[in-house]
Amino acid sequence: MNELFYKVRSLSVFFKSNYYYPGPRQVAQPRAPTYQTNIGYRNSNAVQKPLDVFRDILSRETMQLTLYIDNKLNRQLKGKNPNVVFSPLSLQMLLANILLASKGQTFDEIAKIFNINSNSEKNFHEKFGKLIEQTFYGRSGIGGPKVDYGTGVFLTKDLPVSKTFESESKRFYKTLARGVSYRNGEAQNIINDWVKSTTHGLIDKIVDQPPKYDTKAIIASALYFKGKWANRFDYNKYEFFAN
1 MNELFYKVRS
11 LSVFFKSNYY
21 YPGPRQVAQP
31 RAPTYQTNIG
41 YRNSNAVQKP
51 LDVFRDILSR
61 ETMQLTLYID
71 NKLNRQLKGK
81 NPNVVFSPLS
91 LQMLLANILL
101 ASKGQTFDEI
111 AKIFNINSNS
121 EKNFHEKFGK
131 LIEQTFYGRS
141 GIGGPKVDYG
151 TGVFLTKDLP
161 VSKTFESESK
171 RFYKTLARGV
181 SYRNGEAQNI
191 INDWVKSTTH
201 GLIDKIVDQP
211 PKYDTKAIIA
221 SALYFKGKWA
231 NRFDYNKYEF
241 FAN
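In case it helps, our numbering puts the sequence shown at residues 1 to 243.
Incorrect hints may have been included.
EDC-like cross-link-like pairs, simulated, lysine to aspartate or glutamate; straight-line CA separation at most 20 angstroms [as the list claims (entries may be wrong)]: (1) K212 <-> D234; (2) K228 <-> D214; (3) K157 <-> D214; (4) K212 <-> E186; (5) K170 <-> D214; (6) K130 <-> E186.
So the derived label-pair ranges between C-beta atoms look like this [as the list claims (entries may be wrong)]: (7) K226 <-> E186: 17 to 23 angstroms; (8) T164 <-> N74: 27 to 33 angstroms; (9) W229 <-> S118: 19 to 25 angstroms.
These are computed hints drawn from the structure, not numbers from a lab.
If you're wondering where the values come from, they're calculated on a predicted model, not measured in any experiment.
A virtual CB, placed ideally from N, CA and C, is assigned to each residue, including glycine.
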């Protein structure tokens with residue numbers, strides 16, 4: 001887990017020093033909604049259309065972030081041939097949580113990634129939260145896949161959790177924000193219990209040993225998915241499955 005923490009910290013430095021901000025983008029025109037969900041937007045074009053515009057803009061931002069990270073990883077890992085998997089959406093959710101709690105230079109750097117400013121921040125969180133809820137839960141109520149997700153922010157007790165951040169991060173991103181002690185085994189048990197609950201028992205733990213005593217924060221995300229393939233494949237056709 002220490003390795004995970006340093007990777008998160010390295011990611012913060014990575015964005016701080018390397019992210020290229022190309023400037024404002026032209027806002028896409030609203031398009032007719034293609035799918036109405038069961039979370040309060042049905043038959044409400046006045047609400048759905050602005051969310052569609054936000055989805056288009058965020059999709060372009062996500063694509064740019066994905067390509068940038070992929071290019072950076074390919075350069076750093078050139079010739080090593082590793083299998084690398086990363087989730088741009090999970091990274092964005094983590095960064096959005098940090099954005100909620102930040103100010104000054106940290107806020108400015110993360111805001112550039114999302115192409116927003118302090119005046120549009122609250123509107124951004126509200127729309128991003130709705131879009132995440134729509135994406136993950138839109139089909140659960142009509143026989144679609146069961147999806148659950150969550151973000152955990154585990155701060156050392158030396159850094160008190162803001163009540164405003166605790167409330168808004170939970171409302172927008174289903175975030176559990178709490179103070180833990182990194183000077184004993186408390187943090188390890190709390191984080192493992194959280195990921196086990198969020199993934200409905202599929203992942204028992206993500207922290208194999210107590211984090212270092214001077215750890216300031218661990219931010220984690222978890223995603224649970226249970227559904228059936230629309231078109232199932234016959235694994236007997238593939239040698240590496242059959243053997």
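Hint check:
no. : hint                              : verdict
1   : K212 <-> D234                     : violated (46 angstroms)
2   : K228 <-> D214                     : violated (44 angstroms)
3   : K157 <-> D214                     : holds (11 angstroms)
4   : K212 <-> E186                     : holds (12 angstroms)
5   : K170 <-> D214                     : violated (26 angstroms)
6   : K130 <-> E186                     : violated (33 angstroms)
7   : K226 <-> E186: 17 to 23 angstroms : violated (31 angstroms)
8   : T164 <-> N74: 27 to 33 angstroms  : violated (40 angstroms)
9   : W229 <-> S118: 19 to 25 angstroms : violated (44 angstroms)
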